[in-house]
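2 protein chains.
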Amino acid sequence: VSYPPGAPRTDPLGRVTIVGLGLIGGSIGLALRRASVDSEVVGWDVSPEARIAAIDRGAVTCAPNSLHEAVSGARLVVLCVPVDSSIPLLREIVPHLSPDAVVTDVGSTKARICAEAASVLPGRFVGGHPMAGSEVSGIDGARADLFDGANWFATALPDVNDDALDRVERFVWAVGANIRRFDPAVHDRIVAAVSHLPHLLAFALSEAAANRVPQGLEDAGAGSFRDGTRVAASSPRLWSGILTDNAEEIVQSLDEALAWLTSARAALVDSDRAALEQLLEQARAAKDRFPQ
Amino acid sequence: VSYPPGAPRTDPLGRVTIVGLGLIGGSIGLALRRASVDSEVVGWDVSPEARIAAIDRGAVTCAPNSLHEAVSGARLVVLCVPVDSSIPLLREIVPHLSPDAVVTDVGSTKARICAEAASVLPGRFVGGHPMAGSEVSGIDGARADLFDGANWFATALPDVNDDALDRVERFVWAVGANIRRFDPAVHDRIVAAVSHLPHLLAFALSEAAANRVPQGLEDAGAGSFRDGTRVAASSPRLWSGILTDNAEEIVQSLDEALAWLTSARAALVDSDRAALEQLLEQARAAKDRFPQ
Numbered sequence: 005v006s007y008p009p010g011a012p013r014t015d016p017l018g019r020v021t022i023v024g025l026g027l028i029g030g031s032i033g034l035a036l037r038r039a040s041v042d043s044e045v046v047g048w049d050v051s052p053e054a055r056i057a058a059i060d061r062g063a064v065t066c067a068p069n070s071l072h073e074a075v076s077g078a079r080l081v082v083l084c085v086p087v088d089s090s091i092p093l094l095r096e097i098v099p100h101l102s103p104d105a106v107v108t109d110v111g112s113t114k115a116r117i118c119a120e121a122a123s124v125l126p127g128r129f130v131g132g133h134p135m136a137g138s139e140v141s142g143i144d145g146a147r148a149d150l151f152d153g154a155n156w157f158a159t160a161l162p163d164v165n166d167d168a169l170d171r172v173e174r175f176v177w178a179v180g181a182n183i184r185r186f187d188p189a190v191h192d193r194i195v196a197a198v199s200h201l202p203h204l205l206a207f208a209l210s211e212a213a214a215n216r217v218p219q220g221l222e223d224a225g226a227g228s229f230r231d232g233t234r235v236a237a238s239s240p241r242l243w244s245g246i247l248t249d250n251a252e253e254i255v256q257s258l259d260e261a262l263a264w265l266t267s268a269r270a271a272l273v274d275s276d277r278a279a280l281e282q283l284l285e286q287a288r289a290a291k292d293r294f295p296q
Numbered sequence: 005v006s007y008p009p010g011a012p013r014t015d016p017l018g019r020v021t022i023v024g025l026g027l028i029g030g031s032i033g034l035a036l037r038r039a040s041v042d043s044e045v046v047g048w049d050v051s052p053e054a055r056i057a058a059i060d061r062g063a064v065t066c067a068p069n070s071l072h073e074a075v076s077g078a079r080l081v082v083l084c085v086p087v088d089s090s091i092p093l094l095r096e097i098v099p100h101l102s103p104d105a106v107v108t109d110v111g112s113t114k115a116r117i118c119a120e121a122a123s124v125l126p127g128r129f130v131g132g133h134p135m136a137g138s139e140v141s142g143i144d145g146a147r148a149d150l151f152d153g154a155n156w157f158a159t160a161l162p163d164v165n166d167d168a169l170d171r172v173e174r175f176v177w178a179v180g181a182n183i184r185r186f187d188p189a190v191h192d193r194i195v196a197a198v199s200h201l202p203h204l205l206a207f208a209l210s211e212a213a214a215n216r217v218p219q220g221l222e223d224a225g226a227g228s229f230r231d232g233t234r235v236a237a238s239s240p241r242l243w244s245g246i247l248t249d250n251a252e253e254i255v256q257s258l259d260e261a262l263a264w265l266t267s268a269r270a271a272l273v274d275s276d277r278a279a280l281e282q283l284l285e286q287a288r289a290a291k292d293r294f295p296q
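Taken in order, these protein sequences are the chains called A and B. All residue numbers for the first sequence refer to the working numbering, where the first residue is 5 and numbers rise by one. All residue numbers for the second sequence refer to the working numbering, where the first residue is 5 and numbers rise by one.
Just so you know, the hints here were simulated from the structure itself, not pulled from any lab data. Note that the coordinates shown come from a computational prediction; the quantities given were computed from them, not determined experimentally.
Below, a sample of chain B positions facing chain A; criterion: calculated Cβ distance under 10 Å:
id	residue
1	Ala154
2	Leu201
3	His203
4	Ala213
5	Leu221
6	Ser228
7	Ser238
8	Gly245
9	Ala278
10	Gln282
Which chain B residues stay away from chain A? Per the calculated CB distances, all over 10 Å, these:
id	residue
11	Arg13
12	Arg19
13	Arg37
14	Pro52
15	Arg95
16	Val98
17	Pro99
18	Asp104
19	Ala119
20	Ser123
21	Leu125
22	Asp166
23	Leu169
The beta-carbon is built from N, C-alpha and C at its ideal position, and this holds for glycine as well.
Construct all of the structure, not just a fragment, from the sequences and the given hints.
See the structure below:
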């Protein structure tokens, strides 16, 4: 479900502070400023270079030197950091937040983060996960239209304040995305299958091909190889954190893929074309369930 | 290596007959006619509708009712049929070919086809494999520019006539692609890794996601899922033939992928983030070997 359809994407949000000015944080800033909402967009990053770049690119209106200063007075704080940094960062900023400030994040996993955040900032944390991104990282890749039309999952525990949820949904709407509310556990199950598993398979394909293709013939692949390996250019540090955080769900999705691949392998070894064709039919029917 | 660089792509080829007017055959016809070479492009397909469509779309200049008539007088015959149909078709047309006619194909596997063709048409069969295509099938998806800039693998056994190889290379050049000569066995090893394995993984991902994503939430995926499943829309009949034909090489590539996935699974189960990050680093370095 989207924010009330027809609502303008330019409702004032008050002061929004983006913590972490990489690809996602930078793109959020550009999208908010593009919306021309009557809002201040404050940014902070541990790297002074990223803060300067964010100002240069117009992604933020100001970028104080201190994190505490950056979050004080914010109505909404958006944590755009790797999943293992969100909760430590939340603990650090909570003493400096306004009493009614709301915090959200953009991490790819939600169950653990929402559970821990609920004890650090009861009722005022809403998990977020934009289904848009790139294998490119850093503010240099940031784009104002990165989230246009994308899904943006919002996850909250039952005790969340209605006002907090509403504020996050207005924010998501302002950056161009469509909100989808999920229970954090359901979220983690779905993204294990449609995001985390595709990343694992892309890494596995790259590894296999490198071991099998003779030196000098690396340009032999075409579309299926390019598409199948694209996200293997993603950051190992970022992704080891995401995958570890959602390990239980990912293993279940991975096991489904391994079961299918093991059956296909057996059909290949047995030269059993009929069995293989049946497996392909079944998987193609599975693919037909998805709109893309 | 390409056909002598700088050579015009419009050298006359004489009469070319395309047998099988689907996506690839239709696109070859459109590309040849775009090149405006002083050539006749004759087409044949088992389906009268496909023959009519090929004429309507301008992919061929004529499309006789009989296969024998279509191939008689051809300097080059291009077999654009599933891999399991190439050799039976070759046997059928050989009695009707001109004494110096050359035959090539576009199948995704080459070792078996080249070996069998060498005994049916000694010295005058050259295997071909354009690294371009689409998960869409049929002449409706045909495009004159489908092969522009793509690799087109040519494979022949050592006893092939030089003239046959030259004629096929001129043809490939005329449709806009770049020829790459390979030993058939090397070809099959490479495409197992960069084409056949990506297809298997796309089918596996579709199957896994369908089993894990709750009904009604199928639109949750984003770029990595779209790219990772795209070729799972391919034809199970066509692909069961390709995969079975190249089973030995595919199993070896698949086993490399399975070994990596099994290690990653173990790291996930053990919550061993360092081990997982190392696996991702290794696979990302593998990906960096490839230009795309």
